[in-house]
Structure formats: C-alpha cells, structure tokens
Amino acid sequence: MSANVKVEEKLFQNRYRVDAGRPHIQIKDEELCASRCETQQCTVCCPAGCYTLEGNGRIVLITDGCLECGTCRIICNDHRNVAWEYPRGGYGVLFKFG
Amino acid sequence: MAEKFDAIVVGAGPSGNAAAYTMAKAGLKVLQLERGEYPGSKNVQGAILYSDALEKIIPDFRDDAPLERHIIEQRMWVLDDESYIGTHYRSDEFNKPPYNRYTIIRAQFDKWFSEKVQEAGAMLICETTVSDLLMDGKRVIGVQTDRLGGSIYADIVILADGVNSLLATKAGFHPELEPKNVALAVKEIHFMPQETVEARFNVNGDAGVVIEMAGKITKGMMGTGFLYTNKESLTIGVGCMLSDLKQQKISPYQLLEEMKAHPSIAPILEGGEMKEYTAHLIPEGGYKAIPELCGDGWMIVGDSGMFVNAMHREGSNLAMTTGCFAAETVIELAAEQKPFTAKNLARYREKLNESFVIKDLKKYKNMPDVFHANPQFFTTYPEMLNQAAHKMLRVDGIDKKTKEKQIMANFKQRRSLFGLMGDAYKLWRAFE
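Sequence order for the protein chains is A and B.
Under the working numbering, the first sequence has 49 at position 52, and the numbering climbs by one with no breaks.
Under the working numbering, the second sequence has 62 at position 54, and the numbering climbs by one with no breaks.
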C-alpha cells in the first residue's frame, strides 16, 4: 500500500482566510485530554490533522487547516471536551469547488 | 428598532435556497444569511444533482445552471485489495434529454442557485455567521449574527444550516449528533483534459459515468467510496461512519490515499492534478435519527434534519424538497393568517410524510442498524465475491464443477450456512 501521506500537502491546495488569533474550535480542558482520554481519537479522525499528540501526552490543536466538518466535536462524545463554533463570517476554509 | 422580515433562512445550500426561492416567489419578505464568502464556498458534496427536485422549483434550470455531465452509466464495484467485482448499467435512454441527473461542482452550482433566489426577491447577506437564535420563551423570534451588530427579527426562522445543526442543538431542539448517525467523507478533485476523461470512461459530449464502491477500501468500516466524472475533472472520495472511524487507527486521508492507489483506480486518476481536498459530514442515521422538525417559530430542512437517503446516495434532492415543503407551509399559513406555532407548522411534517422523503427513509429505517451490527457486509463478503470470481475466471485445468464446490466450501467456512442464510434474511428484511 501507499506510503504515509502528509495531510499538509493536501491542505496546501485549499484556499483559507485564517482568522488570526481567533480559533473557532477550542479544547475546553487540556488536562482532561492528557490524563483521562485513553484513545485521543481526534488525532486520528480529524481529516485535516488539526490535532497532534505531543511527547508529553498533551494534545495540541491548530485550526488553521480546519475543513469545518465537525468530526472532532462529535467523536468526543465520551468527554464533550471540544468547544466548536463556525468561524466568523467570511473566515475559514473557502472552497473553490466544494 | 431592528428590521423585521417575514422569514429568515439560515444557510444558502440546496435546502436554504429552495426555501428562500419559494417564499420570495410568493411575495414574502425573505432574508437569507450565509457564512461563506459566497453561496457554495462552505458547501461540499460528491456531487450528483437529481433533476426532478430542482425541476419542480426551477423548471428551466438546464438553460443556464452550471452542470458538468449528465450520467449515462452507473457502476457499482465491490472491491478486494487487488480486484473488484461489479455491475455496470449504461443506457442510451439516459443520453436523451431531459437528463435525469448530472454531476455538478457545488461552489458553482450553489452560486447559480443563489442568483435565482435573489432574482426572485430574497435578500442575501454573505460572510455572516448566525451565532444564536433569538427566543421569546419557547418561541424563536429571530437570529443573532456575528456581523450586523444586532438582532434580526422574523415571524419564522428556517434552519438550513447543514449537518452540524449547531443552532438547533444550542437552542435545545435536539441533542448533539451521535457518531453512529454521521459519516465522514473526504474527497479530492483531480483535473485532467476533457478528452482524457472521455477516453477513460468511453463517453463523449457531456455524457458521464459514476462509480459507487464498497468493500475493502473502508477497512471493514461501514462506508462507501465514489468516483464521479465532471467535464474536465474527476472527484474521488470515501466515507465511513464516525462510530467506526472512532475505533480505527487509520486517518481519513490515509484511507483515501490507499483507495486512490488501488490497482483498479490508480490508472483512472493517472496524470490528474489534485486541486482541492475537502471533508464533510453526511447525516446517515436515517428515519430513526430524524430530529424534531418544527416548533414555535422554527423549522428544520435539509441535512440539519437528517434528510439523506444513504442507501441510494440521495441528499441534495431531499434537501431541496424539504426546503420547498417548509416554504409552502409558511406561504399557506401566511395566506390563512395563522400564526407559526408548532401546532400549525406540523403541516410541514404532514407534507413530508406524504412524499417520497419520509416514505423512502422509512423503507430503509432498519438498514443502518443491520449494517452496524453486521460488519461482514463490508469485509467478508467483498472478499468472498472477489475470490469466487477469480476462481471461476482463472483457466487452470480444474473443472468448473470442482471450482463451484470449492467456492461454496469457502463461503461455508467463512460464514457458515446459517450465517449466509441469516445475512440474506437480514438484508431482505431491511429492504422489504
């Protein structure tokens, strides 16, 4: 099968208007992800790879490449630890084709 | 005093556009709010447009709508790791106008539809996210946006805000979506010369082909893949239920990458230039997952109401139809000078019940449960079918009768006779 793919290369094709300093998704309690979430499945399921696992077991969320699908919020149904809003009007991903 | 409208429509996708268009045509004062830069810039679909639903709204849409190819052939593939077995149905009947369905590019199509909505007299404001519904007790009286600095009021608010349906969740109209009721699809669009598309699919003019796929590409997860022909591009995608993805260690984009590398798929994409990667949730919970659809001063249409027929890959047609029904309900009640109470708006639900929308969703109401409980439909069967075909078609000196026995033995070994019969029964019951 094909080698591991870098999602950044895919996202590079997309158009974004990033709302600098105002992420539309936030982890409510970072400690919870690190200590009480066993699967940390957001790091696998996010189709834009926005969630990464750091060496210290913490999850880092960078929303710049977010495709605004909602997956992270819905799969976090055991902890409900994702505060999810749409970006402000006009910001975020701007699909050319959709 | 803030401005007041007869109706506010949140969202400018197929359901919101259908609702806004229908109400504006009837002379109502309609405001439509869209968070994207333009209608379509936040919207993602495969995408197939079924003519029937749009024809009922804009009969002459073919004159100027941006359509890619009309579909004359549908392929269904069941894939193993190195092979597929499938059926192709192609008919020249589908190659005669008026065409039954088309591939479309949503960013272009939604923009076109929105122009029709505005021509009909609705007011559209883009780059505006609705942050909350304005309530008076249990009644919705308007919306709060992030842009206009204030509240906007209306007699009725139609929620066409898409699968995530944040506004209704926040307002407590329905609970948060469950992973078992939503699929995540990821998709890419690959551009190549028009002649290449036509040569690879044996079509010419504006004719096109769609391939729907199931099997090993989803790694045992409940899901499907697709490949659609546009004029000078192909869209390829794969989708799986979130409840299954939640158990996996493979990312959605890795899944897509491996699907693209399948020996039956890679040559089709060869040389294409990937120009966009998208992801989108599809509400596939079916009939049992449909939330409350209306209340005092509000109605839900399209994806936010779970209006997707996952078995038949239909969604945008249900979206448009539900948008129309909601709009017609508003128009009728306004004419009768009746208030938009939950009781009066129940007429929307009645219209849905009498239409293909609810009838079809009801027909397949057990399908999601059957597939969730029986993953063999996505693993064992694709393998068995492909192996059976391989055995029968390989010429190797073994007589066909012996081959049949070997195939049957393999089926029984993999799934047992009772298992096979049980599975057939489950499918028959679910399709009944």
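Some hints here could point you the wrong way.
As the list claims (entries may be wrong) - Stretches of chain B that chain A covers, calculated by requiring three or more beta carbons in the stretch to come under 8 Å of a beta carbon on chain A:
| id | stretch |
| --- | --- |
| 1 | 103 to 116 |
| 2 | 193 to 205 |
| 3 | 216 to 222 |
| 4 | 251 to 259 |
| 5 | 327 to 335 |
| 6 | 377 to 390 |
| 7 | 421 to 431 |
Note that these hints are calculated values from the structure, not bench results.
Beta carbons: idealized from backbone N, C-alpha and C, even for Gly.
Each hint tested on the structure:
A stretch counts as covered by a chain when three or more of its residues have a beta carbon under 8 Å from one of that chain; for the stretch 103 to 116 of chain B and chain A the count is 4, and the coverage holds. For the stretch 193 to 205 of chain B, the assignment as covered by chain A holds, since 3 residues bring a beta-carbon within under 8 Å of that chain's beta-carbons and 3 suffice. Coverage of the stretch 216 to 222 of chain B by chain A is violated. Counting CB-CB distances below 8 Å, 0 residues qualify, and the rule asks for three or more. For the stretch 251 to 259 of chain B, the proposed coverage by chain A is satisfied: 6 residues have a C-beta within less than 8 Å of a C-beta in that chain, meeting the threshold of three.
Counting residues of the stretch 327 to 335 of chain B whose beta-carbon sits less than 8 Å from any beta-carbon of chain A gives 0, not enough to reach three: the coverage restraint is violated. Requiring three or more residues with a Cβ within less than 8 Å of a Cβ of chain A, the coverage given for the stretch 377 to 390 of chain B is violated, as only 0 such residues are present. By the rule of at least three residues with a Cβ nearer than 8 Å to a Cβ of chain A, the coverage given for the stretch 421 to 431 of chain B is violated, with 0 such residues.
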